[in-house]
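Enquirer: Spelled out, the chains give:
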Amino acid sequence: MKGYHGKLLEIDLTNGNTTFREITDEYLKHFTGGASLAAILLYSRLDKDLDPFSSNAPIIFCTGPLTGFSPFSGRHVVAGKSPLTELWGETTMGGFFGVELKRFGIDALIITGKAPKPVYLSLKNGTIEIKDATHLWGKSTTETTFSIKNEIGKGTRVICIGPAGEKLVRFASIMDEGHRAAGRTGMGAVMGAKNLKGVAISGDKGLPEVADQRRLKELYSATLEKISANPGRELWHTYGTLMYTTQGYEIGDTPAKYFQEGVFPAFKISGESMLEKYDVKNEGCALCPVICGHRVRGVKMEYESVGALGSTCMIFDLDALLDATQVCNEMGLDTISAGVTVAFAMYLSEKGILKDKIQWGDGKACVSLLEKIALREEIGDLFAEGTMRAAMKLGIPSDEAANVKGLEVPMHDPRAFSMQAISYATSVRGACHMRSDYFTVDIAAAPIPELGITPSDRFEESEQKVKMMVVHQNVKEMWNAALICMLGIFDINDYCGFHTVVTGIETKPADISLYGERSYILKRLLNLKLGMTKDQERLPKVVTTPLKRGGTGGFSPNLEKTLQLYYKIRKIGDNGYPLKEKIEELGIDQFI
Amino acid sequence: MKAKVSLLALQFKDFVPPDGKTFEIDVPCGSRVCDVVNLLSERLSTNIGEFLMSKKVVLLFRNRALQYEKDADLEITDGENFIFITPLIGG
Ligand code: SF4
Numbered sequence: 001m002k003g004y005h006g007k008l009l010e011i012d013l014t015n016g017n018t019t020f021r022e023i024t025d026e027y028l029k030h031f032t033g034g035a036s037l038a039a040i041l042l043y044s045r046l047d048k049d050l051d052p053f054s055s056n057a058p059i060i061f062c063t064g065p066l067t068g069f070s071p072f073s074g075r076h077v078v079a080g081k082s083p084l085t086e087l088w089g090e091t092t093m094g095g096f097f098g099v100e101l102k103r104f105g106i107d108a109l110i111i112t113g114k115a116p117k118p119v120y121l122s123l124k125n126g127t128i129e130i131k132d133a134t135h136l137w138g139k140s141t142t143e144t145t146f147s148i149k150n151e152i153g154k155g156t157r158v159i160c161i162g163p164a165g166e167k168l169v170r171f172a173s174i175m176d177e178g179h180r181a182a183g184r185t186g187m188g189a190v191m192g193a194k195n196l197k198g199v200a201i202s203g204d205k206g207l208p209e210v211a212d213q214r215r216l217k218e219l220y221s222a223t224l225e226k227i228s229a230n231p232g233r234e235l236w237h238t239y240g241t242l243m244y245t246t247q248g249y250e251i252g253d254t255p256a257k258y259f260q261e262g263v264f265p266a267f268k269i270s271g272e273s274m275l276e277k278y279d280v281k282n283e284g285c286a287l288c289p290v291i292c293g294h295r296v297r298g299v300k301m302e303y304e305s306v307g308a309l310g311s312t313c314m315i316f317d318l319d320a321l322l323d324a325t326q327v328c329n330e331m332g333l334d335t336i337s338a339g340v341t342v343a344f345a346m347y348l349s350e351k352g353i354l355k356d357k358i359q360w361g362d363g364k365a366c367v368s369l370l371e372k373i374a375l376r377e378e379i380g381d382l383f384a385e386g387t388m389r390a391a392m393k394l395g396i397p398s399d400e401a402a403n404v405k406g407l408e409v410p411m412h413d414p415r416a417f418s419m420q421a422i423s424y425a426t427s428v429r430g431a432c433h434m435r436s437d438y439f440t441v442d443i444a445a446a447p448i449p450e451l452g453i454t455p456s457d458r459f460e461e462s463e464q465k466v467k468m469m470v471v472h473q474n475v476k477e478m479w480n481a482a483l484i485c486m487l488g489i490f491d492i493n494d495y496c497g498f499h500t501v502v503t504g505i506e507t508k509p510a511d512i513s514l515y516g517e518r519s520y521i522l523k524r525l526l527n528l529k530l531g532m533t534k535d536q537e538r539l540p541k542v543v544t545t546p547l548k549r550g551g552t553g554g555f556s557p558n559l560e561k562t563l564q565l566y567y568k569i570r571k572i573g574d575n576g577y578p579l580k581e582k583i584e585e586l587g588i589d590q591f592i
Numbered sequence: 001m002k003a004k005v006s007l008l009a010l011q012f013k014d015f016v017p018p019d020g021k022t023f024e025i026d027v028p029c030g031s032r033v034c035d036v037v038n039l040l041s042e043r044l045s046t047n048i049g050e051f052l053m054s055k056k057v058v059l060l061f062r063n064r065a066l067q068y069e070k071d072a073d074l075e076i077t078d079g080e081n082f083i084f085i086t087p088l089i090g091g
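Quick note, the sequences are listed as chains A and B, same order.
Following the working numbering, the numbering of the first sequence begins with 1 at its first residue and continues without gaps.
Following the working numbering, the numbering of the second sequence begins with 1 at its first residue and continues without gaps.
Careful: at least some of the hints might be erroneous.
[To be verified] Taking lysine to aspartate or glutamate and the DMTMM-like style, the derived pairs with C-alpha atoms no more than 20 Å apart in a straight line are:
no., chain 1, residue 1, chain 2, residue 2
1, B, Lys56, A, Glu272
2, B, Lys55, A, Asp491
3, B, Lys55, A, Glu450
4, A, Lys268, B, Asp14
5, B, Lys56, A, Glu225
6, B, Lys56, A, Asp399
7, A, Lys534, A, Glu450
8, B, Lys13, A, Asp204
9, A, Lys277, B, Asp14
10, A, Lys226, A, Asp491
11, B, Lys55, A, Asp457
12, A, Lys277, B, Asp19
The hints are simulated quantities; they were obtained by calculation from the structure and are not laboratory data.
Note that the structure is predicted; figures quoted are calculated from it, not measured.
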């Protein structure tokens, strides 16, 4: 099929076998690429009893149909069984690896087995080598990236894990060139369990054929022109996600003190404060005309890290916040789960449940705990398990552990937007702010009027609003299949245009929702196969108890009501399974 | 009566100090949304209404993003919040 190579590479690290296999057009037509392709390719290999750390557990890296062909298409997805949730795990990352993966001549790379000693993979100009990484074991993500590049040569793109992945920390991340992270769901630990320190890639096969090269060229130029004329481009370039902290604070979206406080000095950790105080350098991903990433004092910073390691831990000292983020980036920890877990430790310490004293706002204690988590030392060994397991081990009620299905709640408070709450409860990977990021609709940042998704009262919980949320969730599923950056200035019509000229399949906004719905239902079926129950689709009380002060205005989402509406709209039965008619209507039954 | 204003949009960053973006202003009884916007425009010497019409800035009022062209005449009550933001996403 046009836009894809229709090929995957599988590498078994136990015996070093490598196999190229076809990906059928039927898969690509129904599920497209990225996270949806990953789910269908791994569907039959994952089950409830599979240990995500066992050698049988596969990990997959996929690109999307537009990878390399459109602006904002420099992403790829990493997926498998999550060690954090023991359900479907997927995490996408920007940077440069994705485009090289596609240029290597494949749409997916599956890695199985376990190497007898630490290794990294070198995929260069058609050759596949499993190289010794004993000398890299224990090294930070930046050191590892530089060392591999030195060994393999310039022009190579590298992703790798840090010590946290090696030590099987359940929320270990994978870093791309030391600045973009595949943070969520612990895929770094799955690599660690395979003794796989990194993957270096340099593709010489080039991109696959597209349906209409001439129209693609024209569309690309026109889209670039449109983006440079957009006044948001300059602001996004200057501030990136860091601009959101003060805005998020005012509407109660930015959590503080482990989701228990609504009033705090947000301006101290705002993007403006960082720009004023430090040397800030922009850093972007492949094929990005915006370049929204920022290194502040040399540390890659994003809003989610600011919220998780800053306000959630009551750390308002910028240097301390940067130090904590640097530890996460270098050790390979997901900043969201790490920050929420440290805040959980502070909360337990305040209650006298922990012997170790870790006080709110203590930046040094935060850094020290992060290092211990990454190395699984002392008390860090407990918190390396994430909030869900740490709470279980300590006998703390699950309502006090800020996660959904094991994935820590990100930095968009579910009391600030009613649909963010239901999105956390029902997302395919636990509490995820990107599947869907409905708050962006209600602040009029990214409505999708083409599909009837328009801003309304942020606390509304009507059937109409849940319907909009379901369609929005579908669209975001498709965005993760397409692997287009969600922060890009690229709307659904742009996507449809590129998808049409690349694949030759005439694509309309309604098709995007349909692809996304198929993807959502497929992953839901996969999660049910892995043991998910409907009871897990809930939020812990710590993130729903009304706040007395701050921008949420005391709102608490009525999940009981919205979930009922959600199940009705999605045609999900009492047992949590989608109704047979829905599975057949989407044509999923023929594939699983 | 009072209106609580938060000028968080980046477009206004040079007009307000980082720790003083939220403040109260006095407005006459019976004021409408556009009266608050006009008052602020005068104070900042910039046409905030234009930013709102072009959607470069969004006004969050009564928990929703206003469509300024439709909602400018909404009558306000004492103590209501006016939050001006730049509608870029914060992932
Ligand atoms: S907008 Fe930011 S995150 Fe997205 S592709 Fe560009 S640099 Fe990467």
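Enquirer: Please go over all the hints and tell whether each is borne out by the structure.
Expert: Do the hints match the structure? See the list:
1. Lys56(B) <-> Glu272(A): At roughly 19 Å apart (the allowed maximum being 20 Å), Glu272(A) and Lys56(B) satisfy the hint.
2. Lys55(B) <-> Asp491(A): Answer holds: Lys55(B) to Asp491(A) is near 16 Å, not above 20 Å.
3. Lys55(B) <-> Glu450(A): This hinted pair holds, its Cα atoms lying about 18 Å apart.
4. Lys268(A) <-> Asp14(B): Holds, at about 17 Å.
5. Lys56(B) <-> Glu225(A): Roughly 18 Å separates the two Cα atoms, so the pair holds.
6. Lys56(B) <-> Asp399(A): 40 Å, violated
7. Lys534(A) <-> Glu450(A): 32 Å, violated
8. Lys13(B) <-> Asp204(A): 47 Å, violated
9. Lys277(A) <-> Asp14(B): 16 Å, holds
10. Lys226(A) <-> Asp491(A): Roughly 11 Å separates the two Cα atoms, so the pair holds.
11. Lys55(B) <-> Asp457(A): Since the Cα atoms of Lys55(B) and Asp457(A) sit roughly 18 Å apart, the hinted pair holds (cutoff 20 Å).
12. Lys277(A) <-> Asp19(B): Roughly 15 Å between the alpha carbons, so the hint for Lys277(A) and Asp19(B) holds.
When held up to the earlier numbered hints, the structure conflicts with 6, 7 and 8 and fits the remainder.
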